[in-house]
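Undergrad: Okay, here's what each chain looks like letter by letter:
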Amino acid sequence: MQLTCATHNNINVITVEDNRIDAASAIRFKDEMRRLTEDGPAHVVLDLSGVAFVDSSGLGAIVASMKQMGDGRRLDLAGLTPDVAKVFRLTRMDSIFVIHPDMAAALQRAAG
Amino acid sequence: MAATAPSLPDPLISWCTTATNLHVRDLVESLASHLDEAGIDRDLRGSIALAVSEALNNITEHAYADRAPGPVTMTVDLLPDRVDVTLIDSGRAIPGQDLPPAHLPDSAGPRSNLPEGGFGWFLIHSLCRDLTYTRTSGQNTLSLRFPR
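In order, the protein sequences belong to chains A and B. For the first sequence, position 9 (counting from the first letter as 1) is numbered 8 according to numbering that gives the first Met the number 0, and the numbering increases by one without interruption. For the second sequence, position 73 (counting from the first letter as 1) is numbered 72 according to numbering that gives the first Met the number 0, and the numbering increases by one without interruption.
The set of hints was computed from the structure by calculation and includes no laboratory data. Wrong hints could be hidden among the right ones.
Simulated restraints on C-beta separations [stated by the list, open to error]:
| id | chain 1 | residue 1 | chain 2 | residue 2 | range |
| --- | --- | --- | --- | --- | --- |
| 1 | A | T3 | B | S136 | 46 to 52 Å |
| 2 | B | D129 | A | R72 | 40 to 46 Å |
| 3 | B | W14 | A | Q107 | 41 to 47 Å |
| 4 | A | R108 | B | D25 | 36 to 42 Å |
| 5 | A | R73 | B | D25 | 31 to 37 Å |
| 6 | A | R33 | B | P70 | 34 to 40 Å |
| 7 | B | P79 | A | T3 | 44 to 50 Å |
| 8 | A | R72 | B | D76 | 30 to 36 Å |
| 9 | A | G71 | B | P79 | 51 to 57 Å |
| 10 | B | S13 | A | D93 | 46 to 52 Å |
Some but not every residue of chain B turned toward chain A, in silico, with C-beta under 8 Å [unchecked claim]:
| id | residue |
| --- | --- |
| 11 | T17 |
| 12 | L21 |
| 13 | L49 |
| 14 | S52 |
| 15 | E115 |
| 16 | G116 |
In silico negatives: residues of chain B with every beta carbon more than 10 Å from chain A [unchecked claim]:
| id | residue |
| --- | --- |
| 17 | C15 |
| 18 | T16 |
| 19 | E36 |
| 20 | I39 |
| 21 | N56 |
| 22 | D65 |
| 23 | R66 |
| 24 | L77 |
| 25 | D83 |
| 26 | V84 |
| 27 | R91 |
| 28 | R110 |
Keep in mind that this is a model prediction, so the values were computed, not measured. From the three backbone atoms N, C-alpha and C, an ideal C-beta is built for every residue, glycine too.
Only chain B is shown next, with the shape it has when bound in the complex:
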């Protein structure tokens, strides 16, 4: 039986940190280097880093809004046909306990009306194939699936 190549990273890896903007930045950089070491191609790596970054920013800005920043765990599962990323936090639930829709803010009209935000969920929906959200025992679990 062939041995597993020792240079390849573990297929399943988790990080835990506190949901602040600077920790999110570090987490996204760890994710990107992990995907790079695993041989995930540059375009997919960029898409995963962006979608996960948006989801982590939502946790920082909304789940832990008006309270002390709490923990967030990111688990990355490298499968032969896809990459699964799971984010778990202990903040407040997404309103309605359901995923916000993939709504692109309207950029028509004069310059003064151009949107400066509201792109996050649109980007997450656009960049990953399957997205699931569950709320159980005071925890939010968001799973993002990216085909390879």
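Only chain A is shown next, with the shape it has when bound in the complex:
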């Protein structure tokens, strides 16, 4: 599970480099998210534009990543591909996260 991170306008942008977050990678994803969000900006955006598939284990790991950041910090999502958007919609987790169409929109919203 490879994640990369960069800071833009005091937002920690984390990009998932693998094309799936599933039962085989969910635990590593969550651990890697913990490592990348323990310090730094309170506002984190997870760029999922390169991810074609998330199963319920992957969804659970994304939720866990937000919970482990603690209150007062924020995890937004950006760039959901159609099948990933479907998982969030069906489970109603799309009402829990702020979801941006893409990273440009996420950064613009934060700046404006």
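Given chain A, put chain B in place with the hints provided.
TA: Quick look at chain B alone, frame taken from chain A:
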């Protein structure tokens, strides 16, 4: 009589593997490419891959829990009006030998109480039209039917 187009995949195909997370991933990828080659549209392909992935994860995590990972067979039947996927494993039976209900975990309340699991059966029920489970001769058979 018109010949069957040679480029179309066989309407009925089976894969057998060992139920581990990595093998499940490979199986779901094989399924998705098979459906793609068969001309199943992207949205339905995504729904089938997700539902089958959840069912396979259940086999890995529950049917073969506390024992060595065992075999799972996936059969895909491409019919004119639907796609049928059948999963057979030799693990333990689903408790009560009946399908768990389509229960969506409650995501109301504070962030610390948000559910991190329990979505699997809800997704399976939501994504396929007919779902049947049988337990015979030490084997579980789960059939998922998706209208085209």
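Undergrad: Take the hints in turn and mark each one as holding or not.
TA: Quick rundown of the hints versus the structure:
1. A/T3 <-> B/S136: 46 to 52 Å: holds, 50 Å
2. B/D129 <-> A/R72: 40 to 46 Å: Distance hint for B/D129, A/R72 holds at roughly 44 Å.
3. B/W14 <-> A/Q107: 41 to 47 Å: Holds, at about 45 Å.
4. A/R108 <-> B/D25: 36 to 42 Å: holds, 39 Å
5. A/R73 <-> B/D25: 31 to 37 Å: holds, 36 Å
6. A/R33 <-> B/P70: 34 to 40 Å: holds, 35 Å
7. B/P79 <-> A/T3: 44 to 50 Å: holds, 46 Å
8. A/R72 <-> B/D76: 30 to 36 Å: Distance hint for A/R72, B/D76 is violated at roughly 48 Å.
9. A/G71 <-> B/P79: 51 to 57 Å: Because 56 Å falls inside the window, the suggested range holds.
10. B/S13 <-> A/D93: 46 to 52 Å: About 36 Å separates the Cβ atoms of B/S13 and A/D93, which means 46 to 52 Å is violated.
11. T17: Violated: closest Cβ of chain A sits about 13 Å from B/T17, beyond 8 Å.
12. L21: With Cβ-Cβ at 5 Å, under 8 Å, it holds.
13. L49: Holds, because the Cβ-Cβ distance from B/L49 to chain A comes to roughly 6 Å (cut-off 8 Å).
14. S52: Cβ of B/S52 sits 5 Å from chain A, so the hint holds.
15. E115: B/E115 check passes; min Cβ-Cβ to chain A is 4 Å, inside 8 Å.
16. G116: With a minimum Cβ separation of about 5 Å from chain A (threshold 8 Å), the hint on B/G116 holds.
17. C15: Given a closest Cβ separation of 19 Å, the condition holds.
18. T16: holds, 13 Å
19. E36: holds, 17 Å
20. I39: Consistent with the label, B/I39 stays out of reach of chain A, its closest Cβ about 13 Å off (over 10 Å).
21. N56: violated, 5 Å
22. D65: holds, 17 Å
23. R66: Answer for B/R66: holds, closest chain A Cβ roughly 18 Å.
24. L77: Non-interface label on B/L77 holds, nearest chain A Cβ at 20 Å vs cutoff 10 Å.
25. D83: The claim stands: B/D83 keeps its Cβ more than 10 Å from every Cβ of chain A (closest is about 21 Å).
26. V84: holds, 15 Å
27. R91: holds, 18 Å
28. R110: Its Cβ does come within 10 Å of chain A, the nearest being 6 Å, so this is violated.
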